[in-house]
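Asker: For reference, the chains in residue letters:
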Amino acid sequence: MAVVRWFKRHFVVIAGLLTLGYLLLPNVIVTVFSFNKPKGRFNYEWQQFSLDAWKQPCGVADMCGSLSISLQIAVWATIGATVLGTMIAFALVRYRFRARGAVNSLIFLPMAMPEVVMAASLLTLFLNMGAQLGFYTILIAHIMFCLSFVVTAVKARVMSMDPRLEEAARDLYASPVQTFVRVTLPIAAPGIAAGALLSFALSFDDFIITNFNAGSTVTFPMFVWGSAQRGTPVQINVIGTAMFLVAVLLVLVSMAITNRRNKVKA
Amino acid sequence: MNTKDNSGDVRLSGISKTYDNGFTAVQPLDLTVPQGSFFALLGASGCGKTTTLRMIAGLEEPSSGTVHLGDQEVTNLPPYKRPVNTVFQSYALFPHLDIFENVAFGLRRRGIKSVKQQVVDMLDLVQLGEQARKKPHQLSGGQQQRVAVARALINHPKVLLLDEPLGALDLKLRRQMQLELKRIQTEVGITFVHVTHDQEEAMTMADTVAVMNAGRVEQLGSPADLYENPNTTFVANFLGTSNLIEAEVDSKSGDDIILKAGGGKLVLPEARCSAPTTTGGKVLVGVRPEKITLTHADDAGEIPENRNRITGKIADSSFIGVSTQYVIDSPVCPEFEVYAQNIDRDARLRPGADVVLHWNPAHTFGLDAAQDIDAGVDTEEEAA
Amino acid sequence: MAAVTEAPPLAPAPEKKPPRKRGRWTPYWLLLPGILWLIVFFALPMIYQGSTSIQTGSLEDGYKVTWHFSTYWDAVSEYWPQFLRSGLYAAAATILCLLLGYPLAYLIAFRAGRWRNLIMILVIAPFFTSFLIRTLAWKTILADSGPVVSVLNTLHVLDVTNWLGWTSGDRVLATPLAVVCGLTYNFLPFMVLPLYTSLERIDGRLHEAAGDLYAKPFTTFRKVTFPLSMPGVVSGTLLTFIPAAGDYVNAELLGSTDTRMIGNVIQTQFLRILDYPTAAALSFVLMAAILAMVTIYIRKSGTEDLV
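Residue numbers (the working numbering), protein chains in the order written: chain X, 26 to 291; chain S, 965 to 1348; chain B, 3 to 309.
Just so you know, the hints here were simulated from the structure itself, not pulled from any lab data. Hints are supplied without guarantee of correctness; some may be wrong.
[What the hints assert, rightly or not] List time: in silico EDC-like cross-link candidates among lysine to aspartate or glutamate, alpha-carbon distance up to 20 Å:
hint, chain 1, residue 1, chain 2, residue 2
1, S, 1246, S, 1219
2, S, 1045, X, 191
3, S, 1277, S, 1318
4, S, 1045, X, 192
5, X, 33, B, 210
6, X, 64, B, 146
[Unchecked claim] Quick look at which bits of chain X chain S covers, simulated, 3 or more residues with Cβ under 8 Å:
hint, segment
7, 187–195
8, 208–221
[Unchecked claim] A few chain X residues that don't get close to chain S, going by computed Cβ distances all over 12 Å:
hint, residue
9, 72
10, 82
11, 83
12, 85
13, 86
14, 91
15, 92
Glycine included, every Cβ here is placed at the ideal spot set by N, Cα and C.
Using the sequences provided together with the hints, build the complete structure.
Answerer: Laid out in structure tokens, this is it:
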């Protein structure tokens, strides 16, 4: 029948959209339930519509404090991981050196290792060294696992860059420093930005490694985890929705900037 | 130029390049490019011409030898300290800068503050004044190429290096740009060193051509010299087409050498023979297809006495419009090629006909028989 | 002829010194800080983990390395069900991710047209929202009194899954099905993105050529598209299975004591029971299993495309 044929032809699109729905459903629930007014301690069942949580986003004790700590760690981890990772990416793409295979493997492993293993082993390091668990141990851990992602993002961008461009710069009287600042860096910038953004997201949202190495410090994901036992305040959904909106906004803005740059200037 | 100024001379002495993996791209060579000339390095891909160019630019370190620009030795200078600029094969325009800034780049790096007038003038010279604020990706290939030339020329280098800059353009545009570059060079008077694998391009544009093969310069001279009097089989086959006949030295007569080939005799002026000539020694006798006249065997009596002649049978003929190209089977040489201009076509000259090929001995050249007779023949396919 | 202005004077004639190999040590300086960081905070801890696993002692008396290898035997013999369960759940989640994620990746790569950017945003943006909050949302979706469970009940799907052992009672929450659902959800982007990258590289004209040579759409997929997307399939599978095997968040939030995975055990041992040697031993075994898989992968496809 015509219906069956239509279905067969559009099978992929339908399946793909269903999967997309599967991906987005929880986000929708999070947003909808940020307008909920639950009866008990937990926010899993719909009771009634209310703007209370939006009006008092920091109304829950300790939540905004944990948010602030997560943001601070994310900012510093991004800076650290981006600087170290960008340097490694350039070394990998532009130079020849020995032990390439070992370097590549060392960078790949943190991306492929289960978080619980990295979390646990880092904890044994800190324990054996007698280090104080807290803000700085979290920061160290975050820089560690964000590094690899920055390297991947920057490497992809630099690899697609024509090496002749740097030669052209040197041919046109630019010293090595000038070549790097005037040509290499601006062209690699989108890759570095992508790496930094990814690093920020990974750090802000990290739970398992943070949980193991935080001591008594509480980051936002840890707060959420704790609330799953104690009681989930609606404000968590508010923050979740806000994060999603900020993310979408950032992506739209960056796309708009790219589009504007491609237009002809008078 | 007015005074005898050799500051734009390029002198390579004993220059060579061997890579870490043992591959030698350039054998030790000596080369002098005179000030103000248009010089071409011609050869197939992998022959070392681009490497040589990059050593002049400073983008490759020579394994041995020195590079002089005029009286200044630049061998150890990095590229940004050499008064030399390059037009790259893929143009290498900075994608994040607009055309104005691309062209101004060299000036700015040298600390020149007010660049506007110079940039505007240079863009007008290459007819791109309107595009100053566009980005490279918004321009066509031909326009990008002109930006690349402008970006290099604006710095008034002593030498302009061009690395196969016309390769990416279609035929008509390429012809246009060839004339354009030649005009600019004549107007500005700077030494141009142009690398190409296209022999027609080299012969059209250059005053002097160096033919390179496997890291060596096979022959250097004006296009006419190289074409009419090649010294090696590679040059003979690479530039245009050559017919090469294996012959044996018989005797000498005045300024000429008499050779035996396939039962007949051929005359070769000694000055045009680049091979050692001892009686009984082997020589490759060469003649270009367009120099040969094709006469039907029945008219053989009408051929003047002093011309070299060979007999054969027409194997194939192709009408090209301007000319007809024949392939002749002959005892002295299989697949002898003849190009005949289509002025009056002889209807008897069809495949299977017996013919006599004859030409003026002064158009003959001689090559060392020890060389590979097919060197340089199939390089068109390799370069593709 | 136009007057040619001279270029400004450049460097004086250089001294005669042999050309130094420019920038030979540069790559090593660039690599040093980052690699050092990884060695100290990634590789070294693995060694400490190994050492902790063979220590004995207690919190009060302190720990000492006593080469106590029996810890391994004890740990594995007690917790092998959790190891097995982790492997099964992770495998199930990976297969589901592949089945669900491939159509989505295909859609974005070949059928999206001008919607491509929008759909990509929708795939990536949830990433930026805390995954814990999103996983908690599944508690709402799969709630006993919610619409999803009601529909499944009416369609008697739950009877089938009960029989298969994937659910129990009339609930989905606190059952293996919920945990696998959560794992699939969490790691779907890790499958979709490598798949998309791999598919996007395929020249669309290959489909046309296949069609021209009498292949039906599904045959084209089977013989041309799928084989060419294998690198993406392999890397997506790795990037999904490995983290899923070590996950404990989904099992904790959406499962029950019957669905505990090895990650849960390690977490409890480290943070609650404080039995460091056992915990370290379990973690080491998990790590060894993962390293074995990664090594096989590297052997087959080399290290250049890893990062």
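Asker: Residue 92 of chain X clear of chain S by more than 12 Å, beta carbon to beta carbon?
Answerer: Correct as stated: the minimum Cβ-Cβ distance to chain S is 37 Å, above 12 Å.
Asker: Going by Cβ atoms, does residue 86 of chain X stay more than 12 Å from chain S at every point?
Answerer: holds (49 Å)
Asker: Quick check for students: does the CB of residue 91 of chain X sit more than 12 Å from each CB in chain S?
Answerer: Holds, because the least Cβ-Cβ distance between residue 91 of chain X and chain S comes to about 40 Å, which exceeds 12 Å.
Asker: Looking at residue 72 of chain X again, its CB stays over 12 Å from all of chain S?
Answerer: Check passes; 54 Å lies beyond 12 Å.
Asker: Examine each Cβ of chain S, and state whether all of them lie more than 12 Å from the Cβ of residue 82 of chain X.
Answerer: The claim stands: residue 82 of chain X keeps its Cβ more than 12 Å from every Cβ of chain S (closest is about 40 Å).
Asker: Taking 8 Å as the C-beta cutoff, is the stated coverage of the segment 208–221 of chain X by chain S satisfied by three or more residues?
Answerer: holds (count 3)
Asker: Straight-line Cα separation of residue 64 of chain X and residue 146 of chain B no greater than 20 Å?
Answerer: holds (17 Å)
Asker: Could you grab the alpha-carbon distance between residue 1277 of chain S and residue 1318 of chain S and see if it respects the 20 Å cut-off?
Answerer: Holds, at about 4 Å.
Asker: Do the alpha carbons of residue 1246 of chain S and residue 1219 of chain S lie within 20 Å of each other, as the hint requires?
Answerer: Status holds; Cα separation ~18 Å.
Asker: Need the status of pair residue 1045 of chain S, residue 191 of chain X: alpha-carbon distance at most 20 Å?
Answerer: Roughly 15 Å between the alpha carbons, so the hint for residue 1045 of chain S and residue 191 of chain X holds.
Asker: Beyond 12 Å from chain S, beta-carbon-wise, is residue 83 of chain X?
Answerer: holds (42 Å)
Asker: Would the hint linking residue 1045 of chain S and residue 192 of chain X be met if the CA-CA limit is 20 Å?
Answerer: With Cα atoms ~13 Å apart, residue 1045 of chain S and residue 192 of chain X stay inside 20 Å; holds.
Every hint from the earlier list agrees with this structure, and none is contradicted.
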